[in-house]
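The listed protein sequences derive, respectively, from chains A and B.
Note that the numbering used here has the first sequence beginning at 1, numbered continuously upward.
Note that the numbering used here has the second sequence beginning at 1, numbered continuously upward.
To be clear, the hints were calculated from the coordinates, so they are not data collected in a lab.
Ideal Cβ placement from N, Cα and C applies to all residues, glycine included.
One thing to keep in mind: the hints can contain errors.
Mimicking DSS-like on lysine-lysine, the simulated pairs with C-alpha atoms at most 27 Å apart in a straight line are [as the list claims (entries may be wrong)]:
1) B:K215 to A:K156
2) B:K241 to A:K156
3) B:K10 to A:K159
4) A:K159 to A:K33
Partner residues aside, some chain B positions facing chain A, computed with beta carbon under 8 Å [what the hints assert, rightly or not]:
5) A57
6) G58
7) M79
8) F81
9) N85
10) M87
11) P99
12) L102
13) E170
14) W173
15) S177
16) I179
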Amino acid sequence: MMKTFFTRYLGIISIVFAIPIWQLIVRLSGLPKFILPSPLDVYLRFVTAVTDGSLLIHTGHTLLEILLGLFFGACFATILGYFLAKSRALEKILAPYLVASQAIPIVAVAPLLILWFGSGLAPKVLICALIVFFPVLVNTIVGVRAVPPALYDLMKALKATRWQILFKLELPASLPVLLGGLRIGATLSVIGAIVGELVNAKQGLGFLLKVGDFQYDTAMVFVAILMLITLALSLYGIVTLLEKKFLKWMK
Amino acid sequence: MNSNPALVVKDLSVVFEDDNAELQALENISFALRAREFVCFLGPSGSGKTTLLRAIAGLIQPTAGEIDFRFGRPPKIGMVFQQPNLMVWRSVLDNIKLPLELEDVDKNIAEEKSKELIDLVGLNGFERSYPRDLSGGMAQRVGIARALIHDPDLLLLDEPFAALDALTRERMWGELSNIWQAKRKTVVLVTHSINEALFLADRVLVLTQRPGRIKLDLEVSLPRPRADDIRYTSQFGELAKKLRAAIE
Numbered sequence: 001m002m003k004t005f006f007t008r009y010l011g012i013i014s015i016v017f018a019i020p021i022w023q024l025i026v027r028l029s030g031l032p033k034f035i036l037p038s039p040l041d042v043y044l045r046f047v048t049a050v051t052d053g054s055l056l057i058h059t060g061h062t063l064l065e066i067l068l069g070l071f072f073g074a075c076f077a078t079i080l081g082y083f084l085a086k087s088r089a090l091e092k093i094l095a096p097y098l099v100a101s102q103a104i105p106i107v108a109v110a111p112l113l114i115l116w117f118g119s120g121l122a123p124k125v126l127i128c129a130l131i132v133f134f135p136v137l138v139n140t141i142v143g144v145r146a147v148p149p150a151l152y153d154l155m156k157a158l159k160a161t162r163w164q165i166l167f168k169l170e171l172p173a174s175l176p177v178l179l180g181g182l183r184i185g186a187t188l189s190v191i192g193a194i195v196g197e198l199v200n201a202k203q204g205l206g207f208l209l210k211v212g213d214f215q216y217d218t219a220m221v222f223v224a225i226l227m228l229i230t231l232a233l234s235l236y237g238i239v240t241l242l243e244k245k246f247l248k249w250m251k
Numbered sequence: 001m002n003s004n005p006a007l008v009v010k011d012l013s014v015v016f017e018d019d020n021a022e023l024q025a026l027e028n029i030s031f032a033l034r035a036r037e038f039v040c041f042l043g044p045s046g047s048g049k050t051t052l053l054r055a056i057a058g059l060i061q062p063t064a065g066e067i068d069f070r071f072g073r074p075p076k077i078g079m080v081f082q083q084p085n086l087m088v089w090r091s092v093l094d095n096i097k098l099p100l101e102l103e104d105v106d107k108n109i110a111e112e113k114s115k116e117l118i119d120l121v122g123l124n125g126f127e128r129s130y131p132r133d134l135s136g137g138m139a140q141r142v143g144i145a146r147a148l149i150h151d152p153d154l155l156l157l158d159e160p161f162a163a164l165d166a167l168t169r170e171r172m173w174g175e176l177s178n179i180w181q182a183k184r185k186t187v188v189l190v191t192h193s194i195n196e197a198l199f200l201a202d203r204v205l206v207l208t209q210r211p212g213r214i215k216l217d218l219e220v221s222l223p224r225p226r227a228d229d230i231r232y233t234s235q236f237g238e239l240a241k242k243l244r245a246a247i248e
């Protein structure tokens with residue numbers, strides 16, 4: 001009983017212990033607030049940012065970029081991945097570009113995308129979509145190729161239509177791998193949005209990070225980072241919930 | 001017995017082509033199947049038995065020859081494979097229901113029918129189980145139920161019991177025999193077991209080693225329904241001897 005209780009809440013316990021240690025380090029080292037704010041400073045900054053409404057606006061803006069980027073990136077990657085899984089020729093034609101696109105760090109192309117598409121929402125969504133694209137694509141290819149050939153035989157013997165094969169065989173059979181890709185994509189999408197905002201933005205958590213940095217408002221930087229972590233964890237959690245709902249049979 | 005042919009196969013040949021090699025799997029196979037007949041193709045591995053079944057199921061295109069169905073409509077096919085070949089993400093009930101779903105049958109009717117078949121193959125209580133929780137024999141029963149649910153014109157069985165242990169296999173013969181007695185489908189079974197062929201079939205066709213040709217067409221005159229101990233009668237033994245001699 002005791003053991004399961006501990007393992008279950010070990011994560012929370014570790015956080016509860018980390019905060020006093022952090023406070024202790026600040027106290028003992030005597031570092032100024034703009035270098036290392038204490039947990040209390042961060043909390044107070046968080047409260048003011050919430051009460052003046054700025055945190056909500058910026059978080060909402062970043063969340064919008066993330067969700068749009070995740071949606072478009074994952075949709076496009078899944079569709080393209082499906083066709084790549086089906087056609088070796090298409091895979092051979094596109095493989096060099098796809099691999100090359102992964103070799104370029106997203107940070108390096110972000111300024112270029114901002115230059116081309118302006119400083120609004122679009123380039124951030126695009127960066128986000130780009131970073132989500134690859135893991136989802138790879139998992140789609142792996143997932144669709146792993147559908148047992150014998151089940152295709154079954155569907156054909158039963159004269160299933162193309163759509164029936166897609167929705168009753170290929171989609172459910174590859175769903176575990178697809179959701180695995182989405183899980184990776186969801187956490188990466190947060191990075192994508194921030195990279196875009198750091199390059200150029202007037203809104204969002206990345207903008208908040210930059211402003212906090214310029215103004216030596218380090219507590220604000222901490223608040224922004226904590227919000228980002230919260231966003232990433234929530235997205236991760238949502239995908240995990242989807243897995244629990246749709247992959248009951250795996251338990 | 002109705003003697004109108006249900007399926008006529010004429011001069012069927014299948015050649016598999018690789019990059020530089022040709023493999024003749026079947027050569028000039030001709031036979032006719034009567035409606036409601038249980039026919040068994042017997043042959044060593046490499047005789048193209050499975051290829052023949054796949055050609056009938058429409059899974060491969062024959063290189064030459066014709067497969068002519070005479071059901072008055074494109075035939076509905078039920079197929080049982082060597083492996084249970086179940087969808088691991090579907091429960092037993094949902095696996096069995098699949099063919100009806102593909103035909104857009106009303107949900108309630110499909111549910112009703114699935115329960116009937118679960119009854120028939122003796123899987124009551126396992127409706128909500130997933131394939132990973134089933135034994136080999138149970139999984140193959142699900143496969144059989146799935147092949148029967150949409151009331152197929154033709155039932156194709158590809159060594160359905162090969163992966164089972166000997167005792168389960170023999171029990172499944174009895175069950176399949178009873179199911180056939182109840183449903184009276186036209187059945188094509190492919191096997192390399194003489195006992196299985198004789199116990200189940202009305203007629204046994206022996207295929208030769210590659211390329212597969214029909215070597216013997218033997219009527220099985222054993223009375224039905226067949227009980228387990230029919231395998232120890234002298235009549236059974238004689239038929240078995242004939243078949244054994246025909247197999248290379």
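Structure-based check of all given hints:
Only pairs whose Cα atoms come within 27 Å are accepted, and K215 of chain B paired with K156 of chain A is rejected, the gap being roughly 30 Å. With a C-alpha separation of about 38 Å, the suggested pair K241 of chain B and K156 of chain A falls outside the 27 Å cut-off, and the hint is violated. At most 27 Å may separate the alpha-carbon atoms for a hinted pair to count; K10 of chain B and K159 of chain A meet this at roughly 23 Å. Restraint check for K159 of chain A and K33 of chain A: the C-alpha separation of about 71 Å exceeds 27 Å, so the hint is violated.
Here the hint on A57 of chain B is kept, as its CB sits about 5 Å from the closest CB of chain A, short of 8 Å. Because the closest C-beta pair between G58 of chain B and chain A is about 7 Å apart, less than 8 Å, the hint holds. Against a cut-off of 8 Å between C-beta atoms, the interface hint on M79 of chain B holds, since the closest Cβ of chain A lies about 4 Å away. Against a cut-off of 8 Å between C-beta atoms, the interface hint on F81 of chain B holds, since the closest Cβ of chain A lies about 6 Å away.
Restraint check, N85 of chain B versus chain A: the minimum CB separation of about 5 Å is within 8 Å; hint holds. Hint status for M87 of chain B relative to chain A: holds, with the closest Cβ pair at about 7 Å, below 8 Å. Hint status for P99 of chain B relative to chain A: holds, with the closest Cβ pair at about 5 Å, below 8 Å. Because the smallest distance between the Cβ of L102 of chain B and any Cβ of chain A comes to about 5 Å, under 8 Å, the interface hint for this residue holds.
With 8 Å as the threshold, the beta carbon of E170 of chain B stays out of range of chain A, its nearest partner Cβ sitting at about 25 Å, so the hint is violated. Checking W173 of chain B against chain A by beta carbon gives a least distance of about 23 Å; that is not within 8 Å, so the hint is violated. Evaluation of the S177 of chain B hint against chain A yields a violated restraint, the C-beta minimum of about 23 Å exceeding 8 Å. Below 8 Å, beta-carbon pairs count as interface contacts, and I179 of chain B has none with chain A, the closest being about 19 Å; its hint is therefore violated.
Taken one by one, the earlier hints fail for this structure at numbers 1, 2, 4, 13, 14, 15, 16, listed in ascending order.
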